[in-house]
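**Q** Sequential numbering of the sequence shown, starting at 6, is according to this note's numbering.
Since the hints were derived computationally from the structure, they do not count as laboratory data. Hints are supplied without guarantee of correctness; some may be wrong.
Stated by the list, open to error - Have a look at the derived ranges for each label pair, beta carbon to beta carbon:
1. Gly138 with Ser50: 36 to 46 Å
2. Thr205 with Ala158: 15 to 25 Å
3. Glu38 with Ala100: 33 to 43 Å
Said to hold, decoys possible - Derived lysine-lysine pairs resembling BS3-like cross-links, with alpha carbons at most 25 Å apart:
4. Lys92 with Lys203
5. Lys33 with Lys22
6. Lys22 with Lys204
7. Lys70 with Lys156
8. Lys77 with Lys203
9. Lys22 with Lys84
10. Lys84 with Lys70
11. Lys22 with Lys78
12. Lys47 with Lys64
13. Lys89 with Lys47
For glycine and all other residues, C-beta sits at the position ideal for the given N, C-alpha and C.
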Amino acid sequence: MMAINQEKEIERYLLSKNLNSELFIEIKDHFIEQISVEQEEKNISFQEAFQQAKLSWKKELNMVKADLLSFKKIARIEKSVLQKRFKTITFCAVAFSLLIALLMYNDSSVFRYSQISLLGIMGVLLGYNLVFGKMRLYNYVRLGLHPLILKNAFVGIVLFSVVWFLGNDLTAVASGIMKIFFLYAMAVKIQLLYYNAKKTSVLI
6 MMAINQEKEI ERYLLSKNLN SELFIEIKDH FIEQISVEQE EKNISFQEAF
56 QQAKLSWKKE LNMVKADLLS FKKIARIEKS VLQKRFKTIT FCAVAFSLLI
106 ALLMYNDSSV FRYSQISLLG IMGVLLGYNL VFGKMRLYNY VRLGLHPLIL
156 KNAFVGIVLF SVVWFLGNDL TAVASGIMKI FFLYAMAVKI QLLYYNAKKT
206 SVLI
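Model the full assembly from the supplied sequences, consistent with the hints where possible.
**A** Structure, rendered in structure tokens:
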């Protein structure tokens with residue numbers, strides 16, 4: 006049975022890696038099990054087993070940039086999980102935007118109703134996050150600088166530049182593109198707020 010002070014030492018080490026709560030608990034359990042097995046099988050002290058555990062987890066717990074467009078540093082293992090989550094968010098946002106774009110092709114009023122619905126959903130999620138202390142208003146303001154939003158803006162600028170370069174008679178096309186990018190950005194923000202409400206790490 007591991008002593009409380011030894012368990013606290015493991016916790017302090019893992020807290021320094023800024024892991025989200027789910028990963029923290031999971032990796033802590035792995036550390037405790039690994040250290041206990043090492044002590045029993047090799048008949049070594051806690052500190053020796055702890056150092057061996059840290060060495061075996063060194064690569065996964067190495068601090069790296071969370072994203073190309075983020076200055077925040079997180080553990081490599083968390084970055085892997087985060088990037089998978091970002092891919093899911095991006096896929097859902099792109100699929101939603103393209104679906105609405107197809108519907109808009111037949112009925113232009115679809116965009117207006119979609120816009121109102123998205124703003125309503127985002128308002129509810131934002132209110133929930135703020136009221137229940139899931140985030141501060143400052144965090145929401147910074148949401149506009151989230152890597153997924155910045156990538157959307159970058160792609161949008163490139164596309165608008167191409168449209169402008171091709172000619173001045175593409176106003177309708179540019180307007181359509183702008184609407185699609187707006188829908189994408191809103192879909193991303195809604196998902197980020199949803200994950201944040203669940204206390205799931207999404208760099209907010």
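**Q** All the hints need checking, so say for each whether the structure fits it.
**A** Outcome of the hint check:
1. Gly138 with Ser50: 36 to 46 Å: holds (42 Å)
2. Thr205 with Ala158: 15 to 25 Å: holds (24 Å)
3. Glu38 with Ala100: 33 to 43 Å: Given a distance of about 40 Å, which is inside 33 to 43 Å, the answer is holds.
4. Lys92 with Lys203: At roughly 18 Å apart (the allowed maximum being 25 Å), Lys203 and Lys92 satisfy the hint.
5. Lys33 with Lys22: holds (12 Å)
6. Lys22 with Lys204: holds (17 Å)
7. Lys70 with Lys156: With a Cα-Cα distance of about 16 Å, the restraint between Lys70 and Lys156 holds, given a limit of 25 Å.
8. Lys77 with Lys203: It holds: about 21 Å lies between the C-alpha atoms, which stays within 25 Å.
9. Lys22 with Lys84: Since the Cα atoms of Lys22 and Lys84 sit roughly 12 Å apart, the hinted pair holds (cutoff 25 Å).
10. Lys84 with Lys70: Answer holds: Lys84 to Lys70 is near 8 Å, not above 25 Å.
11. Lys22 with Lys78: Roughly 9 Å separates the two Cα atoms, so the pair holds.
12. Lys47 with Lys64: Holds, at roughly 24 Å.
13. Lys89 with Lys47: Not satisfied, since the Cα-Cα distance of roughly 38 Å exceeds 25 Å.
The earlier numbered hint that this structure contradicts is number 13, and it is the only one.
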